[in-house]
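Enquirer: Letter by letter, the chains look like this.
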Amino acid sequence: MTVVRKFKIPNRLRAALFTGDGKRIDEAVADAEIGLATLAEACFAAVAESIARMEGEFGTQVAGRETRELVDLYRLSTSIIDACAPIEPKALADAARSLCDLLDHAMEAGRWDWPAVDIHIDALKLLASGIDLGKGGEEQLILSLEKLRQHREAVVG
Amino acid sequence: MSSSSPKPPWAKVNFEDLSIVVVDDNQQALDIMIQVISGFGAKKISRCLSADEARKVIGDTQIDMVITDAMMPSIDGYDLTRWVRREAPEQNRFIPVIVVTGHTPRRDVVKARDCGANYIIAKPITPKTIMDRILWIAREDRMGIECDVYVGPDRRFRRQGPPAGMPGRRSGDLNDEIGAAVEPNMSQDEIDSVMKPQKVSV
Chain A
2 MTVVRKFKIP NRLRAALFTG DGKRIDEAVA DAEIGLATLA EACFAAVAES IARMEGEFGT
62 QVAGRETREL VDLYRLSTSI IDACAPIEPK ALADAARSLC DLLDHAMEAG RWDWPAVDIH
122 IDALKLLASG IDLGKGGEEQ LILSLEKLRQ HREAVVG
Chain B
3 MSSSSPKPPW AKVNFEDLSI VVVDDNQQAL DIMIQVISGF GAKKISRCLS ADEARKVIGD
63 TQIDMVITDA MMPSIDGYDL TRWVRREAPE QNRFIPVIVV TGHTPRRDVV KARDCGANYI
123 IAKPITPKTI MDRILWIARE DRMGIECDVY VGPDRRFRRQ GPPAGMPGRR SGDLNDEIGA
183 AVEPNMSQDE IDSVMKPQKV SV
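For the protein sequence lines, the chains are A and B, in the order given.
Just so you know, we're using the numbering used here here: the first sequence kicks off at 2 and counts up by one.
Just so you know, we're using the numbering used here here: the second sequence kicks off at 3 and counts up by one.
One should not assume that every hint holds.
[To be verified] The following label-pair restraints were derived from C-beta to C-beta distances:
no., chain 1, residue 1, chain 2, residue 2, range
1, A, 67, B, 145, 47 to 53 Å
2, B, 51, A, 115, 30 to 36 Å
3, A, 5, B, 64, 22 to 28 Å
4, B, 76, A, 7, 29 to 35 Å
5, A, 68, B, 88, 36 to 42 Å
6, A, 49, B, 81, 28 to 34 Å
7, A, 144, B, 11, 32 to 38 Å
8, B, 149, A, 126, 47 to 53 Å
[Claimed, not checked] Computed far set for chain A versus chain B, every beta-carbon distance over 12 Å:
no., residue
9, 57
10, 58
11, 59
12, 67
13, 69
14, 112
15, 116
16, 130
17, 134
18, 137
19, 138
Derived from the structure by calculation, the hints contain no laboratory data.
Computed from a prediction, not measured in an experiment: that's the story for all the values here.
Every residue, glycine too, gets a C-beta built ideally from N, C-alpha and C.
Whole structure, please, built from the sequences with the hints as guidance.
Expert: Listed below in structure tokens is the structure:
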């Protein structure tokens, strides 16, 4: 029979966090946001580099792209999500997440759908291009990616 | 106000004396998280580019919190959390562990909960989300559970919601109902629902 030990965990975090002087919570969050903003330029460059690598290694023009490791494309996509913290538009992260969902499903199902990947890479390029799609345009784009993914999952399996 | 009461935004938090380990194999993601917690006022931050590095730090020093990426080569964030709960020195075995990940399919959220993590946070991170979760952990009085199949904070505990003075959550958050998630990628609130009120399987 499994023996379960249940015990009180001392909350060291609470003891330290609310002891002594410090910052107001709202000021601490505001300071963190200011600090995060200083990384925006570097993060945007990283996003651009990841998209360029996606195109260079998995784009339509790449011969033998089907022989490459799909997990590498997945990692490039998550690296875009990582870097999106301080940058706009937020839809960039949504598009990258949609690509992750697509790849995750494809890797699990063992079936591959390049046109859907190409559309996601194009969407990422568009969102990173600086063209102002407006909030409505961005939402529509993400919704379209989601519909595409659901459709492909239903059709391709 | 008791120590476990929700804190209003004008309450003060002192990160200066907290020893925090941040783990991510992506240098830029590491910079982002460190920038955020430095902004909160944290000074004692250990930067680790791998779970191996983190294990050395956690093995040698008293730590107050670990924030780790989920997807890392060799040892991932889930295995690191499992190691903390089962093999770290006694003083660090039940420290708060927050897992951060870019992609949150339900199976990974459940994995994070079942490896003993306190919370899983979806990237891209925001300072507010990180602060909220740290305050949630600071307010909690979760019991520790140790058995053959699970070591970590009790997965059955009262849902308290966001701290007072921090209305709502991130846009896109959904309701509290477990199992409501139908999207492959879970929103932050769906994640919190999975992490919070489940029963321990023993």
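Enquirer: Would you mind marking each hint as holding or not holding in the structure?
Expert: Verification of the supplied hints:
1. 67/A / 145/B: 47 to 53 Å: 51 Å, holds
2. 51/B / 115/A: 30 to 36 Å: 33 Å, holds
3. 5/A / 64/B: 22 to 28 Å: 27 Å, holds
4. 76/B / 7/A: 29 to 35 Å: 33 Å, holds
5. 68/A / 88/B: 36 to 42 Å: Roughly 40 Å apart at Cβ, these two residues keep to the hinted range, so it holds.
6. 49/A / 81/B: 28 to 34 Å: 33 Å, holds
7. 144/A / 11/B: 32 to 38 Å: The hinted range 32 to 38 Å holds for residue 144/A and residue 11/B, with Cβ atoms some 34 Å apart.
8. 149/B / 126/A: 47 to 53 Å: The hinted range 47 to 53 Å holds for residue 149/B and residue 126/A, with Cβ atoms some 50 Å apart.
9. 57: 19 Å, holds
10. 58: 18 Å, holds
11. 59: Residue 59/A is indeed farther than 12 Å from all Cβ atoms of chain B, at 17 Å.
12. 67: 22 Å, holds
13. 69: The claim holds: residue 69/A sits with its nearest Cβ about 18 Å from chain B, beyond 12 Å.
14. 112: 16 Å, holds
15. 116: Fine: 19 Å to the nearest Cβ keeps residue 116/A off the interface.
16. 130: About 19 Å separates residue 130/A from the closest Cβ of chain B, which puts it past 12 Å; holds.
17. 134: With a cut-off of 12 Å, residue 134/A remains clear of chain B, as the shortest Cβ separation is near 18 Å.
18. 137: Since the minimum Cβ distance to chain B is about 15 Å, residue 137/A lies beyond 12 Å and the statement holds.
19. 138: Holds, since 17 Å exceeds 12 Å.
Hint violations for this structure: none, all hints satisfied.
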